[in-house]
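From first to last, the protein sequence lines stand for chains X and G.
For reference, each letter of the first sequence is one residue, going 1 to 64 in full-length UniProt numbering.
For reference, each letter of the second sequence is one residue, going 1 to 155 in full-length UniProt numbering.
Read the hints as simulated data drawn from the structure, not as lab findings.
Computed from a predicted model, the values in this text were never measured in an experiment.
Treat each hint with caution, since some may be false.
To be verified - Part of the chain X face toward chain G, derived, beta carbon under 7 angstroms:
#: 1; residue: H4
#: 2; residue: V25
#: 3; residue: S26
#: 4; residue: G36
#: 5; residue: K37
#: 6; residue: Y38
C-beta: ideal position from N, C-alpha, C; glycine also.
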Amino acid sequence: MNNHVRELRGGQGWSQADLAERLEVSRQTVNAIETGKYDPSLPLAFKIAKLFARPIEAIFEPGE
Amino acid sequence: MPALRAWLDRFNDWQARTYARGVADRMERAADGGRRMTRGEAWALLGYFGALLASNAWLSRAVAPPLRVLGALLPLPFIVAIVALAVRRVLGMDELQRRIELVALAIVAASTWLGFGIGWMLRHAGVSAATPMLGFWGMPLLYVFARRWAGRHYA
Chain X
1 MNNHVRELRG GQGWSQADLA ERLEVSRQTV NAIETGKYDP SLPLAFKIAK
51 LFARPIEAIF EPGE
Chain G
1 MPALRAWLDR FNDWQARTYA RGVADRMERA ADGGRRMTRG EAWALLGYFG
51 ALLASNAWLS RAVAPPLRVL GALLPLPFIV AIVALAVRRV LGMDELQRRI
101 ELVALAIVAA STWLGFGIGW MLRHAGVSAA TPMLGFWGMP LLYVFARRWA
151 GRHYA
């Protein structure tokens with residue numbers, strides 16, 4: 001799955017640690033999501049969407 | 001002067017960001033401490049080794065079957081306590097850490113099942129001297145390696 005978390009985070013001027021704190025997860029989790037090594041659970045994906053005020057499908061899209 | 005003021009503002013922002021990042025990193029390191037053994041787990045482990053020694057001493061003296069059963073199962077409450085505390089610790093982790101633990105446990109379970117299967121077949125052929133103790137001590141070691149591998153896989 002591809003995602004735009006890194007771009008959205010960068011747009012807010014947040015570090016991975018900042019985003020991790022807001023999402024109440026570890027920085028490793030944020031890094032793994034951004035690099036596409038880990039697909040977040042549905043609750044976490046909703047949390048990310050709510051934080052960036054975007055629909056989930058605008059942040060996450062199916063990969064090849 | 002406006003250029004100097006702008007530069008000072010940027011410098012102040014950078015300082016604030018660096019400080020905030022440092023605080024966040026320290027908080028994360030503190031949270032990472034949760035992955036290490038807690039005091040309760042350490043006591044349960046100590047109790048387990050104590051019970052293991054007591055069980056050995058008991059079994060060398062006890063003759064009656066009920067007493068031997070009691071002696072053999074002496075470490076059991078401590079094993080249950082260690083498992084319960086470990087489950088509680090894993091449930092308190094974030095979802096990626098839980099995934100890493102799950103992958104590590106799956107690797108250990110599959111390897112142990114395979115190892116016991118191979119050991120049983122070789123023993124059946126009369127060419128193996130492997131004992132269950134090998135699995136008992138090998139499992140934690142394998143878990144450490146599996147957890148490290150899973151952690152790197154998601155890093």
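For each hint, the structure was consulted:
Taking 7 angstroms as the C-beta contact cut-off toward chain G, the hint placing H4 (chain X) at the interface is violated, the least distance being around 19 angstroms. Contact between V25 (chain X) and chain G, as hinted, is supported at the beta carbon level, the nearest pair being about 4 angstroms apart and thus within 7 angstroms. For S26 (chain X), the interface hint holds, the least distance from its beta-carbon to any beta-carbon of chain G being 5 angstroms, beneath 7 angstroms. For G36 (chain X), the suggested interface contact is broken, since its CB lies about 11 angstroms from the closest CB of chain G, more than 7 angstroms.
Taking 7 angstroms as the C-beta cut-off, the interface hint given for K37 (chain X) holds, the closest approach to chain G being about 5 angstroms. The beta carbon of Y38 (chain X) comes within 5 angstroms of a beta carbon in chain G, closer than 7 angstroms, and the hint placing it at the interface holds.
Going through the hint list in order, the structure does not satisfy hints 1 and 4.
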